[in-house]
Amino acid sequence: MAVGTQYLAEQQPKLSTTSLVLGAIAIAALIAAPFFFYPVFLMSILCFALFACAFNLLIGYVGLLSFGHAAFFGGAAYYTAHAVKVWGLEPLTGILFGAAGAAAMGLIIGFIAIRRQGIYFAMITLALSQMFAFICLQVPFTHGEDGIQGVPRGHLLGIIDLNQPLSMYYVTLAIFLFGVFAVWRIVNSPFGNILKAIRENERRAVSLGYRVDRYKLGAFVMSAALAGLAGGTKAIVFQFATLTDVQWQMSGEVILMTLLGGIGTMIGPIVGAGLVIALQNYLASSQFPVTVLIGIIFVICVLLFRRGIVGEILELMKRKPKGNV
Amino acid sequence: MVSTQPILSATGLTMEFRGFVAVKDVTLSVNEGTIHALIGPNGAGKTTVFNLLTKFLTPTRGQISFRGNDITGLKPAEVARLGLVRSFQISAVFPHLTVLDNVRVALQRPKNLATQFWLPFSSLSVLDDRALELIDAVNLSAYAHLTASELSYGRKRALEIATTLALDPAMLLLDEPMAGMGHEDIGRIADLIRRVAKNRTVLMVEHNLNVVADLCDRVTVLARGEILSDGSYATVSADPRVREAYMGTEHE
Ligand SMILES: Nc1ncnc2c1ncn2[C@@H]1O[C@H](COP(=O)(O)OP(=O)(O)OP(=O)(O)O)[C@@H](O)[C@H]1O
Ligand SMILES: [Mg+2]
Numbered sequence: 001m002a003v004g005t006q007y008l009a010e011q012q013p014k015l016s017t018t019s020l021v022l023g024a025i026a027i028a029a030l031i032a033a034p035f036f037f038y039p040v041f042l043m044s045i046l047c048f049a050l051f052a053c054a055f056n057l058l059i060g061y062v063g064l065l066s067f068g069h070a071a072f073f074g075g076a077a078y079y080t081a082h083a084v085k086v087w088g089l090e091p092l093t094g095i096l097f098g099a100a101g102a103a104a105m106g107l108i109i110g111f112i113a114i115r116r117q118g119i120y121f122a123m124i125t126l127a128l129s130q131m132f133a134f135i136c137l138q139v140p141f142t143h144g145e146d147g148i149q150g151v152p153r154g155h156l157l158g159i160i161d162l163n164q165p166l167s168m169y170y171v172t173l174a175i176f177l178f179g180v181f182a183v184w185r186i187v188n189s190p191f192g193n194i195l196k197a198i199r200e201n202e203r204r205a206v207s208l209g210y211r212v213d214r215y216k217l218g219a220f221v222m223s224a225a226l227a228g229l230a231g232g233t234k235a236i237v238f239q240f241a242t243l244t245d246v247q248w249q250m251s252g253e254v255i256l257m258t259l260l261g262g263i264g265t266m267i268g269p270i271v272g273a274g275l276v277i278a279l280q281n282y283l284a285s286s287q288f289p290v291t292v293l294i295g296i297i298f299v300i301c302v303l304l305f306r307r308g309i310v311g312e313i314l315e316l317m318k319r320k321p322k323g324n325v
Numbered sequence: 001m002v003s004t005q006p007i008l009s010a011t012g013l014t015m016e017f018r019g020f021v022a023v024k025d026v027t028l029s030v031n032e033g034t035i036h037a038l039i040g041p042n043g044a045g046k047t048t049v050f051n052l053l054t055k056f057l058t059p060t061r062g063q064i065s066f067r068g069n070d071i072t073g074l075k076p077a078e079v080a081r082l083g084l085v086r087s088f089q090i091s092a093v094f095p096h097l098t099v100l101d102n103v104r105v106a107l108q109r110p111k112n113l114a115t116q117f118w119l120p121f122s123s124l125s126v127l128d129d130r131a132l133e134l135i136d137a138v139n140l141s142a143y144a145h146l147t148a149s150e151l152s153y154g155r156k157r158a159l160e161i162a163t164t165l166a167l168d169p170a171m172l173l174l175d176e177p178m179a180g181m182g183h184e185d186i187g188r189i190a191d192l193i194r195r196v197a198k199n200r201t202v203l204m205v206e207h208n209l210n211v212v213a214d215l216c217d218r219v220t221v222l223a224r225g226e227i228l229s230d231g232s233y234a235t236v237s238a239d240p241r242v243r244e245a246y247m248g249t250e251h252e
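Chains as they are written, first to last, in the UniProt record's numbering: chain A, 1 to 325; chain B, 1 to 252.
Straight-line Cα separation of at most 27 Å, DSS-like style, residue types lysine-lysine; simulated pairs: (1) B:111 <-> B:75; (2) A:318 <-> A:196; (3) B:111 <-> B:198; (4) A:196 <-> B:75; (5) B:75 <-> B:24; (6) B:111 <-> A:196.
Rather than coming from a laboratory, the hints here were simulated on the basis of the structure. Predicted model, so just to flag it, every value in this text is computed and none were measured.
Isolated chain B, as found in the complex (with noise of 0.2 Å):
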């Protein structure tokens, strides 16, 4: 599956935040099919790259195309419809609805089932046996009842992954999407983005490193805005200059 063929590029990207260069002339191309991790240290401007890229934020210069379109003018409702669907660092679920509604919701526009204001709740239960496969594909099925703030921090990523699942995007941005999860649910996560990645393209931001090493096809890195290092985790991580900018950070 893995191609050569760019689904997501940039083009000198940079943004400003009233003088200060969060993000400097990233050039950056994901190749269809492939895993690709966006890394670097605390501050780098990951973050930045994932919202410019989604258009949560404009960029102050720079292009983007996705599947050969021209994605820099759209609304971020547009280009999640057109297939590149992120999710948040900070967990993005919907606290009060149960986890069951969270996944539905985003089930409900691609099954045209979200402007009928005349139809009853129940009409949604269409929907059911699709959102509990994709709740049980994150391990959450014994708490599908559940309103999501009474979930732990790590099983509300299980869920936010879930609820971007159901939009079965051709391409994700995960933004840390192990953080605050622990060991085993981590290697579970691993599978299932393995799993999903089979048929689609994950572009991942994610310090745990050894998660990177096993899952990632490529790796780019990402130091004070600037794009330091790019290509396989192993050529990545044998460059000096990465080495040099993970000093200090090593903590993480």
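Same shape as in the complex, but just chain A (with noise of 0.2 Å):
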């Protein structure tokens, strides 16, 4: 079957050449990066490109708009906060712990929404995130107002001291990359592959007998683990976790990155994350109001590149003749 066998060469999602060198370019220049920026601004840009890359599993593969990921980021940091503060748990166990909290409630969330469609959806995950918002307001272990502060970062494992800024940042970077690289894997795996079916014709893959219902879930509790991973290692990298993170302007925000940078594409996210960390730093010393700003990009993108930077850019590159035969 000669037809299958150069398909195969061709269209398996095998990294090529061209990625591969500039996916060690990419990688080489974050190695390099705390060298010339602020490594808390990076760590900064690496937890929500995670946190981003996360989201993007949901609206670029399932094409679920959850419209309450705030409280997968948010929570997971108060969870990790305070296993490691109140408990004394091991920082990475910390972290693990708090995507592990972010999973089950990805469950709880997942399961009462997933059966909505659209806009119904996205209008369930906010009502949900808003209300486990409002509990950590009441809940004695977040502190209300003031949140859970000096979070000691640690040794990790009991052996890397992470008050070393330089320590810190390589193992962010390595959970980043770990993150990354897990949403690649499930795009790219045979159950990306049934996530992919569903989203281009649902109805044809339950009449070939799929239960889509649970496979929609499955990403959703991975979308979910996967943003807490992001949130639980914020909270040890800026040593708090606060409300901020899980009510609703943060789901907002984890939107307009995934949009700018390009929803469904791998890197875009992380793109539109470092561009939207860049900018809030930028403009925090001057006086233009940040959230004008957020929202005219937000109206642009719409308006403008729906595709998002990286997605215009990936068409621009692929654009050709179409026909039927």
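Using the hints, put the two standalone chains together into the complex.
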């Protein structure tokens, strides 16, 4: 079957030489970056980039718009902060605990929301995450408006001192790379192929015997867990967890980052997160109101380049003549 | 292979859409191993009957049983898992997947290779031989590497049949499988249906009466949601009520 073999050589998402080279350059740049920029600034980008990648797993590859991802990001930050500060957990274990907590919340919220379509799904996730934000304000362990402050960074696996900015940076980078790889693997897996099929034609997938709600729920939980990984890491990096991270504005911000970079592209959310964080950082010292600018960017994205920066570039690169055979 | 044992039977199926009765008291039984045609003028309710039988719609009244199990309360995915698999009147492919991937998606579930999110995409290559076999059976080998959206309408239908056959179902429901196909392709698909029906049951909606006459063991005629006639092609085509129902839609 010559045709099939030829297909396999061309189409399988094996990393092409170009993307391998570009990836290697990007990783080298990330390794060198803390010598040129503030590590805290970079770590903030990495945490939000991972958060956006996790969010993109859901909107870009399942087609579900969650307006409640802050619950997983901010929830995990609380869990990790509490586990490390109060229970004295080792930091990596604490981060994994936060991610597990986010996954459990993903299971509950996803279970309730997954049968809804489109805007109803977005509204239910928003409502449930706001409910969670309210709980966070009320329960004692989150310390209300103050949040959990002074979380010790501690020693990774009892060995590496994370109070050293560079050590903290490289650990964050490793977690980020792991998370991005996880998204890539999930999307390009047998499971990912079914997700793609469901997004393309849900009725057909059902008629082939797929219990599509379970696949969607599975993806939702994975997305929540990875968002939690980002949130837990952020709590260790910044040594606190507050209400800001569980509120709806945070859900909106991650939507913006993903939209700006390019929904459904592997590196779009990373680019989007980098730009938004850099802008916020830059404008923090000026008088210009950040929210206004974010709003303007949002409108421009929706009106002019819906595919996002990376999406538009990819589209320009692959444009080819169309025709049916 | 033709038996008199019903594999699928429906009793008193009724479907109302906000007061409009699209399907009215339909009682139908399909014998195991037969090719059974469901025909009728446009808007007769054929597709709606398919939707009811495969549980894409829940009947207002009535009961459906498949291989002796009551499936009236099941979800559509469960019906498919029992071996009652349908195709759609409006061609249902996964447009941005390649032809090969379309068929592999169908193969993944029966081969238990659908939930592994940790395995590389290349692990799906174990399905390739079977997938290419199925693609070859509908004469699409030359297009295996194209995305489904690049195929002509007739070839999309052929792909849909290959995808449906990938599940190796006990019973196939085909909704106008040959619509939009050229002469040659119709002959090929008719042959294919005859071949695959050797060890399974087929219920098909078809407007081309030559094909029905040639292929089907039994014909049920539906008009305005009700069963008008049921029997061999000769019996049914001699029925004056059937002729009457087809008047005015003769341009078909
Ligand atoms: N979801 C729905 N809501 C309301 N009416 C519907 C719905 N689905 C079908 N109908 C109506 O039910 C009737 C039967 O439609 P159906 O599609 O089953 O006919 P059909 O026999 O398959 O016709 P065709 O040969 O054109 O495919 C039509 O009058 C149609 O308008
Ligand atoms: Mg129809």
